[in-house]
Amino acid sequence: MKVSDSLWHKQLSVLAEESKNGRSPYWLRPFETYKTFCPYLVGSYKAVGGELSRYISAGYSKFILDIPPTKEELQHTQIAFEQATETPSVTAKNDAVWRPFQVVARPGGIT
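Taking my numbering, the leading residue of the sequence shown gets 1, the next gets one more, and so forth.
Rather than coming from a laboratory, the hints here were simulated on the basis of the structure. Everything numeric in this text was worked out from a predicted model, so none of it was measured. For every residue, glycine included, the Cβ atom is placed at its ideal position computed from N, Cα and C. Careful: at least some of the hints might be erroneous.
[Said to hold, decoys possible] Computed cross-link-like contacts, BS3-like style, restricted to lysine-lysine with a CA-CA straight-line distance of at most 25 Å:
1. Lys-62 <-> Lys-10
2. Lys-71 <-> Lys-46
3. Lys-46 <-> Lys-20
4. Lys-35 <-> Lys-62
5. Lys-35 <-> Lys-20
6. Lys-46 <-> Lys-62
7. Lys-35 <-> Lys-10
8. Lys-71 <-> Lys-35
9. Lys-20 <-> Lys-10
[As the list claims (entries may be wrong)] Taking CB as the label site, the calculated pair distances span:
10. Ser-13 <-> Tyr-45: 17 to 23 Å
11. Lys-10 <-> Glu-86: 32 to 38 Å
12. His-9 <-> Phe-63: 29 to 35 Å
13. Glu-72 <-> Asp-5: 17 to 23 Å
14. Ser-57 <-> Tyr-34: 17 to 23 Å
15. Thr-70 <-> Leu-7: 18 to 24 Å
16. Glu-86 <-> His-9: 30 to 36 Å
Construct all of the structure, not just a fragment, from the sequences and the given hints.
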């Protein structure tokens, strides 16, 4: 089933209301202020890694990331993905296909 942009925005708006208790790893303020069209995952490595592991366990293997402002920010992302792949069900289910990415610094920018 396809999800239209308007349905996606409506779902995110509902999620924004539900996540105001501060316990959700989804940060929606940039979405609410029209700075971006998607939620951000924020929190401890364990919390964000746990959310990522649920996506990986569900079969997702491609993730779209916003451009990180610094190399350090990208390294935090890498750590969260490493946490996600340390989850036993993720490791067992996706061992043959999941390959965590590496942060590589090149002259002129982050790659």
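Here is how each hint holds up against the structure:
For the hint pairing Lys-62 with Lys-10, the CA-to-CA distance comes to about 24 Å; that is within 25 Å, so the pair holds. Simply put, Lys-71 and Lys-46 have alpha-carbon atoms about 20 Å apart, close enough for the 25 Å limit, and the pair holds. For the suggested pair Lys-46 and Lys-20, the alpha carbons sit about 20 Å apart, so the restraint of at most 25 Å is met. Distance check on the hinted pair: Lys-35 and Lys-62 sit about 23 Å apart at the alpha-carbon level, within 25 Å; holds.
Pair hint Lys-35 plus Lys-20 holds up; C-alpha atoms about 18 Å apart against a cutoff of 25 Å. The straight-line distance between the Cα atoms of Lys-46 and Lys-62 is roughly 20 Å, inside the 25 Å bound, and the hint therefore holds. About 16 Å separates the Cα atoms of Lys-35 and Lys-10, which keeps this hinted pair within 25 Å; it holds. Annotation: proposed proximity of Lys-71 to Lys-35 holds, straight-line Cα distance about 22 Å (limit 25 Å).
This hinted pair checks out: Lys-20 and Lys-10 have alpha carbons roughly 16 Å apart, not beyond 25 Å. For Ser-13 paired with Tyr-45, a C-beta distance near 28 Å fails the hint of 17 to 23 Å. At about 34 Å, the CB distance of Lys-10 to Glu-86 agrees with the hint of 32 to 38 Å. Between His-9 and Phe-63 the beta carbon distance is about 20 Å. The supplied range of 29 to 35 Å is therefore violated.
The given range of 17 to 23 Å is broken by Glu-72 and Asp-5, whose C-beta atoms sit roughly 33 Å from each other. Separated by about 32 Å at the C-beta atoms, Ser-57 and Tyr-34 break the suggested range of 17 to 23 Å. Between Thr-70 and Leu-7 the beta carbons are some 34 Å apart, a value that contradicts the proposed interval 18 to 24 Å. Checked against the hint of 30 to 36 Å, the pair Glu-86 and His-9 passes, with Cβ atoms roughly 34 Å apart.
Of the numbered hints given earlier, the model fails hints 10, 12, 13, 14 and 15; all others are met.
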